[in-house]
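Visitor: For the sequence shown, the working numbering gives the first residue as 1, with consecutive numbering after it.
It should be emphasised that the hints constitute simulated quantities derived from the structure, not laboratory data. Beta carbons: idealized from backbone N, C-alpha and C, even for Gly. Since no wrong hints were added, every one of them can be taken at face value.
For each label pair, taking beta carbons as the anchor points, the in silico distance ranges come out as:
no. : residue 1 : residue 2 : range
1   : Arg418    : Val81     : 50 to 56 Å
2   : Gly412    : Glu51     : 58 to 64 Å
3   : Gly412    : Ser96     : 55 to 61 Å
4   : Glu51     : Ser240    : 21 to 27 Å
5   : Asp38     : Glu521    : 49 to 55 Å
6   : Met54     : Glu189    : 23 to 29 Å
7   : Pro232    : Asn507    : 55 to 61 Å
Result set (DSSO-like, lysine-lysine): computed pairs, CA atoms no more than 30 Å apart in a straight line:
no. : residue 1 : residue 2
8   : Lys668    : Lys686
9   : Lys496    : Lys447
10  : Lys101    : Lys58
11  : Lys469    : Lys550
12  : Lys496    : Lys469
13  : Lys686    : Lys626
14  : Lys271    : Lys348
15  : Lys43     : Lys192
16  : Lys549    : Lys509
17  : Lys509    : Lys550
18  : Lys43     : Lys109
19  : Lys575    : Lys616
20  : Lys109    : Lys207
21  : Lys496    : Lys550
22  : Lys354    : Lys549
23  : Lys246    : Lys629
24  : Lys709    : Lys612
25  : Lys512    : Lys524
26  : Lys512    : Lys496
27  : Lys207    : Lys442
28  : Lys447    : Lys524
29  : Lys58     : Lys192
30  : Lys354    : Lys447
31  : Lys180    : Lys198
32  : Lys550    : Lys581
33  : Lys676    : Lys629
34  : Lys301    : Lys354
35  : Lys512    : Lys530
36  : Lys188    : Lys246
37  : Lys192    : Lys246
38  : Lys138    : Lys251
39  : Lys629    : Lys687
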Amino acid sequence: MRFFTSFFIYVFLFTCMDAQKIDIYNRPVQQERSRDFDAIHYKVELDVDMENKMLIGKNTITLSPLRNNLETIVLDAVSLVVTDVIDYRGVPLNYSQNDGKLSIHLLHKYSHKDAVTFSVHYYLKEQVKGLRFIDQTKNSPVQVSSDCFPNKARQWIPCYDYPNDKVSHDMIITVDSGYKVLSNGSLKEVIKNEASGKHTWYWSQDKPNATYLFNLSIADYAVIQDSLGTLPVNYWVYHSNVEDAKRSFAKTPYMIDFYNRLYDYEFPWAKYDQVISAYMGGGVEATSATLLGESAVTDEKAEIDFSYEGVIAHEIAHQWWGDLITCRSWEHTWMNESFGTYSDHLYKRYAWGKDEGDYDLLRKKNGYLHEAHNRYMRPIVFNRYESPGQNFDSHTYPKGACVLHMLRFILGDETFFRTLSEFLHRHEFQSVSTQDFITCVKEVSGKNMDWFFEQFLFHPGHPVFIIEKEWDELTKTLTLEITQAQDKWEKVPIYKIPVNIGLYTANKKIVKQVWINKKTEVYKFNLDSKPLMVRFDEGNNLLKEWTFKKTEEELLYQSKNDDMTGRLWAINELKSFSGSKRTIDTWSDVAINDSFWAVREAALRILGESGKNDYKNLFLKATNDKSSKVRTAAVNILGNFREQSLTSHLRKIFETDKSYLVMAEALKSIGKCGGKSQLSFLKEAKKVQSHRDIVKRAAEQAIEMINGK
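Generate coordinates for the entire structure from the input sequences, incorporating the hints supplied.
Guide: So, in structure tokens, the structure goes:
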């Protein structure tokens, strides 16, 4: 967990220009794409040859002109080869194909009142990223897996391939009978052709969606059937991991139900499928049919440390945020991803508890701060990019989620969630812009929040606060001075923002909200007695960096009496008093007794940095912590002692712990502590099957360490 000490903040402020590693303002300005027609429906018919990695296709397109006198239709078509274009009467149409475009010349001019239908016949023989033919491996079957984001549907379907136009579509896929086919929408029928040894799967997506959300997945899948009431929920997985998949995906209906209630909008599609793809690393949403990487299915041990629960929740949230409503151009990506990321946070807080939810939000904040410090700062709504994928970064995902959290803080829970529900209902099945959302906020809440969006969406950066306090015992007055220091960064404003100040005395806790409007603000609070703790941003609502110099006494109090986020901050801030016995005793107590694993882990690692034998018994005790992450930290620290006497204990941990992460760390620590006599044990350990081969790789690393001694 990354925190910023006072010293680091001051250094960073004066070197921030060097931190801008990428000059994103040199990227070209992009505009939303213009179009001449509204695509209404695609009927895609494909005959897929899995063995030869090719397909023959036809797309029957129905569209409506957006202007009069339309006589030429221009579609996106890359890699595929068009052989014929036929109108609805069977009359051939003239066409030309070059530079990734298919230009079709209609027989006469059409007006905006007309409907136009024609069919494009084509084939695809070369391998493309939009639809991958994937060879069989020892762990996965032969498969076809689509990846249409952001503009790769055009590689296997001639279409208008941009998110400001949505279409309904059919997928009619013919393939050898040994394979199953998944696509968007409802399965209408499977037609068997015994003579050819093939069958045809007919999927129909009857509600409009963007082309980048199309899914075509083909393999010899096992299909696990589940449901939420009448909603079909299915998991398309490999035959070898059916039982693990049942457990890994078991919470899917529970998640859908959570979002149904949270957004007061019932799941908008005919079904929800999740399908395993050998190509996919994490997950990618597609309308009613999400693709997930193979790591989504874990065994029971791997589930402890490598669960995909958060990813699964994130992709389900996209069925509302991204699929039901979709950013109309790529500068508005936050409408998809910030809302999806904040949704998975809300699920985690609901399902895992307040502390886990708070820690998740803290990790999201630090994910954005890492990018801001090491790569660049940009506005969230940003139209400078070479390819749309450049906008799918830590500004779009975690920063945008944190901005939504601040908006919720200002509007209040009831108004915030009512606004989100209204936005979904108002713009269902539409492509939307940031301005649409700003208007909805204004109309539902009655509040003009333009100032908020201007600061946090259309400017780069975030607030950096320097807080100083002074207590006057005579007048019983606390003076708090808050300075904003982020204006040293180019284009970063001085923020207007409310903040909660927590005032803790021996008898009570008082929370005062103040509005920060200027670079430096001074506030005075009259109290009955000197506060034991002054908490800036009580409730952890703001996306911020801050320095707040505190006494050891106050930090010791905070490390035991604040919420999880505050305790974690105090534990790290106590490094300034690392020579104090009271601080060391507090770290030792917290490392064993704090209620949340991340706080215990932080205290443990700080003590481990000392390298002193004084705490060895504490580290040994921590190897039995209920959290695998704390146990991993303890095992890592023990390895740093490099004492051969510890190897028997480390071997026992390897043999008995239920976490692959702890097992792997035990092997690496054996490599640090052990001699040649451990090599045979480590060679056997290499044979242990584990998630992502984490145990095997750790054993190899340990062997290398011993041989290098």
